[in-house]
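Protein chains: 2
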Amino acid sequence: MGRQLKLNLFIYPGGHHEAAWRHPKSHTDRLLDIRFYQELAQRAEAAKLDAVFYADGPALESNVQFATRFRIEPFTWLSAISVATERIGLIGTASTTYLEPYNAARLFASLDHLSNGRAGWNIVTTGAERAAQNFGLDQHPPHAERYDRADDFVRVVGKLWDSWEDDAVVADAGTGVFADTSRIHPVEHEGRYFRVAGPLNTPRSPQGRPVYVQAGSSEDGKAFAAEHAEAVFTAHQSLGSAQEFYSDIKARAAAFGRDPGQLLVLPGISPYLGSTEAEAKALKQEFDELTQPEYGLGILRKLLGIDLDGVPLDGPFPPELLATAGQAGSRSQLVLDIIRRENLTVRQVLHRFAGARGHYVFAGTPMQVADEIQRWFEGGAADGFNIMPPWLPGGFDAFADEVVPILQSRGLFRTEYSGWTLREHFGLARPESQYSRGRHTPGQPGAVQRSQHSPGEPLLAANT
Amino acid sequence: MGRQLKLNLFIYPGGHHEAAWRHPKSHTDRLLDIRFYQELAQRAEAAKLDAVFYADGPALESNVQFATRFRIEPFTWLSAISVATERIGLIGTASTTYLEPYNAARLFASLDHLSNGRAGWNIVTTGAERAAQNFGLDQHPPHAERYDRADDFVRVVGKLWDSWEDDAVVADAGTGVFADTSRIHPVEHEGRYFRVAGPLNTPRSPQGRPVYVQAGSSEDGKAFAAEHAEAVFTAHQSLGSAQEFYSDIKARAAAFGRDPGQLLVLPGISPYLGSTEAEAKALKQEFDELTQPEYGLGILRKLLGIDLDGVPLDGPFPPELLATAGQAGSRSQLVLDIIRRENLTVRQVLHRFAGARGHYVFAGTPMQVADEIQRWFEGGAADGFNIMPPWLPGGFDAFADEVVPILQSRGLFRTEYSGWTLREHFGLARPESQYSRGRHTPGQPGAVQRSQHSPGEPLLAANT
Chain A
1 MGRQLKLNLF IYPGGHHEAA WRHPKSHTDR LLDIRFYQEL AQRAEAAKLD AVFYADGPAL
61 ESNVQFATRF RIEPFTWLSA ISVATERIGL IGTASTTYLE PYNAARLFAS LDHLSNGRAG
121 WNIVTTGAER AAQNFGLDQH PPHAERYDRA DDFVRVVGKL WDSWEDDAVV ADAGTGVFAD
181 TSRIHPVEHE GRYFRVAGPL NTPRSPQGRP VYVQAGSSED GKAFAAEHAE AVFTAHQSLG
241 SAQEFYSDIK ARAAAFGRDP GQLLVLPGIS PYLGSTEAEA KALKQEFDEL TQPEYGLGIL
301 RKLLGIDLDG VPLDGPFPPE LLATAGQAGS RSQLVLDIIR RENLTVRQVL HRFAGARGHY
361 VFAGTPMQVA DEIQRWFEGG AADGFNIMPP WLPGGFDAFA DEVVPILQSR GLFRTEYSGW
421 TLREHFGLAR PESQYSRGRH TPGQPGAVQR SQHSPGEPLL AANT
Chain B
1 MGRQLKLNLF IYPGGHHEAA WRHPKSHTDR LLDIRFYQEL AQRAEAAKLD AVFYADGPAL
61 ESNVQFATRF RIEPFTWLSA ISVATERIGL IGTASTTYLE PYNAARLFAS LDHLSNGRAG
121 WNIVTTGAER AAQNFGLDQH PPHAERYDRA DDFVRVVGKL WDSWEDDAVV ADAGTGVFAD
181 TSRIHPVEHE GRYFRVAGPL NTPRSPQGRP VYVQAGSSED GKAFAAEHAE AVFTAHQSLG
241 SAQEFYSDIK ARAAAFGRDP GQLLVLPGIS PYLGSTEAEA KALKQEFDEL TQPEYGLGIL
301 RKLLGIDLDG VPLDGPFPPE LLATAGQAGS RSQLVLDIIR RENLTVRQVL HRFAGARGHY
361 VFAGTPMQVA DEIQRWFEGG AADGFNIMPP WLPGGFDAFA DEVVPILQSR GLFRTEYSGW
421 TLREHFGLAR PESQYSRGRH TPGQPGAVQR SQHSPGEPLL AANT
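Going down the list, the sequences are from chains A and B. When we follow UniProt numbering, the leftmost residue of the first sequence carries the number 1, and every step to the right adds one. When we follow UniProt numbering, the leftmost residue of the second sequence carries the number 1, and every step to the right adds one.
Derived by calculation from the structure, the hints in this document are not laboratory data. Among the hints, erroneous ones may be present.
Chain copies aren't distinguished; within one or between two, either way the pair holds.
Stated by the list, open to error - Here are the simulated lysine to any residue pairs, SDA-like style, with alpha carbons at most 25 Å apart: (1) Lys302 x Gln408; (2) Lys302 x Arg183; (3) Lys281 x Gly174; (4) Lys25 x Thr175; (5) Lys302 x Glu424; (6) Lys48 x Arg35; (7) Lys25 x Val170; (8) Lys25 x Phe362; (9) Lys302 x Ala197; (10) Lys25 x Val177; (11) Lys25 x Gly174; (12) Lys25 x Thr276; (13) Lys25 x Gly358; (14) Lys302 x Pro186; (15) Lys302 x Val349; (16) Lys302 x Arg195; (17) Lys281 x Ile338; (18) Lys281 x Val349; (19) Lys302 x Glu188; (20) Lys25 x Glu39; (21) Lys25 x Asp180; (22) Lys302 x Ser182; (23) Lys25 x Glu188.
All of these numbers come straight from a predicted model, not from anything done at the bench.
In isolation and in its complexed conformation, chain A is listed as follows (with noise of 0.2 Å):
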C-alpha cells in the first residue's frame, strides 16, 4: 500500500460556515447535546478518519449576537466522545499561555488513559487578545515571548509525561509494591518560565506523551513546529502556496535533526459538494447570503486594525484605508494578501473569509473534492487535510459518504484502521520515556509496559 492520507474531522460548533446556524440543514438546537458529538465522532470514526479536533481558547471572541461562537472546553467534551468511540484519534487544543503545565500534562495523560493512546495536543500560543483580561494580565505578552514559554512548556510536560517510566508500576500483591519508585522520576524543572518538581501523579500514559499539533504560521511558529511538531495545521488557499509551505516546514524539520516524515503537514479545507459542480456552488451560495456583514466586519476591524464602517459593501476594497492595515500575526497578511492579489469587493471578501476563516473552500462534486485532495496530496502541498465541514452533521456526511470512498477507491485512504493509537494512525513513533533512556534498549521486554496492539489489555499487570 502507497502513502496513505491522514484526515480529521475539524468540529466548530454549527459548522466552519459563520452563518451556517441559520440554514435550515443545521441541528442548531443541537449545539450543547454531547450526544450529537458523540455521533458525528462516530461517523467519523465509521469513515475511518484519523481524528477529530477541537480548537479553542480562553476568552469570548467573535461576536456572538451573530454567530454560534461559544467555545466547546475540549478536555471535558473529547473525554465523553472518547469513551463512544473506539479507535478515532482526540485532539484538543491547550494553550501554553493560559495554562500552568503540571495540570496540561495531567490532563492530556488522563485523556489519553480514557481512550487507549488517542489524545493530541494542539499547541497553540493563543492569538486572542482578550484573553489576557480573563488571566490578570494587563496585556497579552508578546508573539515572541509567547513562543519562548511555548517552548519551555513543552519542554517541561514532556519531562512530566515521561517521569514515569513505562513500567513503574509493578502491582505486585505479594511483595507490597504497588509502584517501583527507582522508575518514578522527579523532573525538577527550571526554565526561563516554568519552575515545576514533579514528578506527575499519575502513570505513563498508553501513548508517552500525546500528538503534538501545532498551526502557526509566523517566523516563530514555523520554528516552532519544525523543532516540537509532529503534526501541522495550516491554511492555504492554493497549491502553490500550501506546497512553498510544505517544503518550507520539513526542510526545517529536517534542519533539526528530525526525520521530515514525524512531522505531517494538514491543511484545512471546507467542502460544498454537489452532484454537479453548479448544485455545489449554488449550495455554497446559499449558506453566504446568510452572512451577516456586520459580523464578517467585526472580523476584519480585529484581523486588520481597519474599520470597514459606511463603505459600500459591493464597491472595492478603499485602497487608502488597506494602506493603513495592521498585522496581527500570519492570517492577517494571508488576508491582505488575498484582497490585494484578487481585487475583490468588500462584500466577496467578507464571503471568501465567512466560510472558514481564511482556509481554503472547495465547492464541487466528490469526485472534484477528491481530485483536488489528491492534486494536493501527491503535489507535495500535503499529507493530509483538516476536513472543516460548512455546517453539521450533513456537511460532514458528505463529505464521509461521497469523497471517502473514493479515496478509498484511489488507494489513498484506509479502509480499515491497522492500529488503535492516534500515533500508531498518523505513522508516529511511541516516545520512550526520557528517563528510562540508557536503561533499557528499544524492544527489551519490560520497557514498554503494555501493547500498543491490545488496547483491552489492562493497563496495570496485577501480578497477584
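Chain A is already provided as a structure; the job is to place chain B on it using the hints.
Okay, now just chain B, sitting in the frame of chain A:
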C-alpha cells in the same frame, strides 16, 4: 415522605483502605480502566445515590511504592462517567490555589452541560505542601492566605457562571440573532487575588452553577463553608464529634443569613459488612493485616512531623515524641486526639488510619450499618454520608445491595430519583444569575432557559 438521607459514593483508586489493592477481592488490574469507574457509577445510580465524588490534588503525595495513591484527574474522568449515566451527580475536586478561575469555570460549566446539570465542585485550597513546587512557588501559601484566595476565587467564578443569563441564547435564524448580547455580561472582577474581565465563553449551564461542596474543618474552613458551601464533607470518629460539628456549622450558616437547610453535612463512613458482626470485623482485619507499616509511618511523619523509625510497633505511642507533634491542619488534630484519648499502640494507630485516613470505619452487619447511619442522621449529626468503600468494586456492592434497601424500607432514602440535577437530588435551589436580578421575577417565562425536569429538551431552543 420524611427527611431523606443524601448518599455519595466517594471513589479512591483502589478503594479507601490503603492496602486494598493487595487483597484478592480488589480489581487492581482495572484501576486505570474508565469502564471500571463507569460501572461503579452505574451501580451507584442503580442504588439511587446522589453523587459520585473524586478527591484530587496536583501533586504525587503519598508513597506510591506501597499504595495506589496516584490521582485520577476529575474533569476528564467525570466527563467520561457523565455520558454513561443519567441521574447521578458528579462531584469533582478543584483547587482554588492551583487553578486559574477562568479555566476552572469553563471546566465545570462544560461538565454541567455534558451531564445535563449534575456537576458539583469540591472546593479545596490544597493541603499538599508539595503542590507548590509543581507550580513555580517556593512554598505552599499559608493556610489563611489560601482561604482568602479561595474566597476571591469563588466570587469570580460565580460571576463567570452568571455572565450569560439563562435566556441569552436566542438562536433566531430568521432575524440572524444567535445571542442577545445585552444578556451576556463582562464580569470586570477586581479582587485581591484575581482580575478577570469575562464574560465566560460558553452559555450558562443547566444548574447555573455547580453545587458548592467544601471539606475544611479548620476555623478558616468552617467560616468558608458557612458562607459559601451547599454541602460539607467532614470526618468524625464519634457521634458526639459529628453532632458538635453539625450544630456549629449550621449556626454559622444562619449567622450569614443563610437557610441552614441549604447547607448539607455529610460525614464519611467506610463500612465493612458481614452476616455477623464478627465476620465483618474479621474482614476488616484481613485488610489491616495487609498494611505495610512503612507506608503508614510515612503518612504520620508528614501529618505530625514526628519520626517513628525504630519505635516498636506493638508498644505504646511514645509520649515524648507526641509532645513534639506539630499540627498541619484539622486532620492532624483529629489524629492526635485519638492517640491521646485511646492510648493506642503504634500499630493500632496505623490500622486505625489505614482504613479511611481518619474517617469513620465501621464493621458490622447490614442492619448495624443502617442503624448507625440512622442514628447519626436522626441524632443531629448528619444529613447524609459519603460512602467510602474499603475496596472496589465489592466494597461498594455490599453497601448498595445490603444496606441501601434497609434504609429505603425505613423511608430514609429514595427508591427512585424525583429530579434530574444534583441540585434537585440535594434539595438545593438553583441560583439565578446575579446579572439578571431585578430584570426577571422568579418563575417568569424566559427567566430560565430550560426546564430542570426535561433533560431531553434541547438546550438551545432554535426558533427556526
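Each hint tested on the structure:
1. Lys302 x Gln408: Answer is neither: 41 Å inside a copy and 60 Å across each miss the 25 Å cutoff.
2. Lys302 x Arg183: Cα proximity of Lys302 and Arg183: across copies only (23 Å, versus 50 Å in one copy).
3. Lys281 x Gly174: between (69 Å within a copy, 23 Å between copies)
4. Lys25 x Thr175: This pair counts as between: shortest inter-copy Cα distance 17 Å, intra-copy 62 Å.
5. Lys302 x Glu424: Neither: 40 Å inside a chain and 44 Å across chains, both beyond 25 Å.
6. Lys48 x Arg35: Close inside one copy (19 Å) and across copies (24 Å); limit 25 Å.
7. Lys25 x Val170: Between copies only: 18 Å across, 53 Å inside.
8. Lys25 x Phe362: For Lys25 and Phe362, only the intra-copy Cα distance (19 Å) is at most 25 Å; the inter-copy one is 59 Å.
9. Lys302 x Ala197: Close across copies (18 Å), not inside one copy (40 Å); limit 25 Å.
10. Lys25 x Val177: between (58 Å within a copy, 17 Å between copies)
11. Lys25 x Gly174: Cα proximity of Lys25 and Gly174: across copies only (14 Å, versus 61 Å in one copy).
12. Lys25 x Thr276: Answer is within; shortest intra-copy Cα gap is 19 Å, inter-copy 64 Å.
13. Lys25 x Gly358: within (23 Å within a copy, 58 Å between copies)
14. Lys302 x Pro186: between (44 Å within a copy, 19 Å between copies)
15. Lys302 x Val349: Close inside one copy (15 Å), not across copies (64 Å); limit 25 Å.
16. Lys302 x Arg195: Between copies only: 24 Å across, 35 Å inside.
17. Lys281 x Ile338: Answer is within: at 20 Å inside a copy they meet the 25 Å cutoff, but 78 Å across does not.
18. Lys281 x Val349: Answer is within; shortest intra-copy Cα gap is 17 Å, inter-copy 77 Å.
19. Lys302 x Glu188: between (41 Å within a copy, 21 Å between copies)
20. Lys25 x Glu39: within (16 Å within a copy, 37 Å between copies)
21. Lys25 x Asp180: Intra 56 Å, inter 23 Å, cutoff 25 Å: inter-copy only.
22. Lys302 x Ser182: between (53 Å within a copy, 21 Å between copies)
23. Lys25 x Glu188: neither (53 Å within a copy, 38 Å between copies)
Against the hints set out earlier in the document, violations occur for numbers 1, 5 and 23.
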